[in-house]
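Undergrad: Here are the chains, one letter per residue:
2 protein chains.
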Amino acid sequence: MGTKAAIKQDTRNALLQAGMDFMLEKGYTNTGVQLVLSSLGIPKGSFYHYFESKEAFAISIIHQFDQEYSTKLLRVLRNPLRSPLQRLRDYCEAEKDDFEKQECRKGCLIGNLSQEMSDQSSLLRDELANVMAKWRGLFADCIEEGQQLGEIIQTVPAQRLAEFFCIGWGGAVFRATTLKSLEPMETFIDLMFNEFLRG
Amino acid sequence: MGTKAAIKQDTRNALLQAGMDFMLEKGYTNTGVQLVLSSLGIPKGSFYHYFESKEAFAISIIHQFDQEYSTKLLRVLRNPLRSPLQRLRDYCEAEKDDFEKQECRKGCLIGNLSQEMSDQSSLLRDELANVMAKWRGLFADCIEEGQQLGEIIQTVPAQRLAEFFCIGWGGAVFRATTLKSLEPMETFIDLMFNEFLRG
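Chains as they are written, first to last, in our numbering: chain A, 1 to 199; chain B, 1001 to 1199.
Do not take every clue at face value.
Computed list of chain B residues with no C-beta within reach of chain A, every gap over 10 Å [unchecked claim]:
no., residue
1, ASN1030
2, GLY1045
3, SER1060
4, ILE1062
5, HIS1063
6, PHE1065
7, GLN1067
8, THR1071
9, LYS1096
10, PHE1099
11, LYS1101
12, ALA1140
13, PHE1193
From the structure, some residues in chain A lie toward chain B, with a derived Cβ separation under 7 Å [claimed, not checked]:
no., residue
14, SER114
15, ASP119
16, ARG175
17, PHE188
18, LEU191
19, PHE196
In short, the hints are calculated from the structure, not lab data.
Cβ coordinates follow ideal geometry from the N, Cα and C atoms, glycine included.
The task is simple: from the sequences and hints, build the whole structure.
TA: Following this line, the structure appears as structure tokens:
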């Protein structure tokens, strides 16, 4: 890559990272393109050298977020030192710790954008739905492994349990964000892992 | 009430209803006060005769919504012709039907505003949290009745089961709104009522 192309790539990455932070903090609508540019000292008007539109910018941010998040997720869900049920719980506990560090703000970028934008942009909605389906598949693989070992209930197919898990965990994050409290996450973890999932 | 006061009250109610519809459709940030006024043909600038601020307007909308919703909720949750577990399920099924009629748009005003505003206004957040706690209490009463009849599991206190139910149902509505699909609601209803709650 030539120096010019490398600088362009670096600028693009910096825009994605700053855009991700702003959208997590303020949502899509409240994240003005000018705000992102000026936070990096990039001249006004140069945005369209990097992205076709604000919507295209958000889609690239979603891809970037998915890539980073999936890597983190797989590290937990394929941890050979823990049983599948423990790994699922590790995931929730780690998310809860992160959420606490962020002082119960922000939640999850995919969840937030979904709620804000799914009625307003079918392009964004489709991207967000793809990411959600992909993550559910990763959870289902882990649940299936737990079912084979007999530590997770076998009366419900893994994909269906994974969907229930994602529904419930999404609801817990959502409620925790609203109430500025870890309690919804703790309640979900307790009942899910001590009562409902155990085989 | 004099004619003038009655007209003022009518105008206030019309503003609340229109504001509720807009906020459900577009969220708080995208609902301009001017938009609400002009949808009713009310002159610009007269808004502050009725409400101190946009935030105060939203709080009155939340109260109004809570009042209407609680009435509907209690009609279902205290239906003497159905068992407590059936009533809880009736609630979910009715919500699902409403959601389908609205073509999988909108979701719940309280949920939407929570997600959008809890980081941005502690006043709104506190109001929304109060409403959520009140509704959870109504579900807990119904669950407790079901536990006394032995049709709902007794290993978890009613308040805690109610919190899990609200977390999960909130997640199901959230996911259904994003995916424009009834499936998350159906999955939640199936697993919750056929697998997890049954005593």
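Undergrad: Could you tell me which of the numbered hints above are not met by this structure, giving the numbers in increasing order?
TA: Per hint list: single violation, 1.
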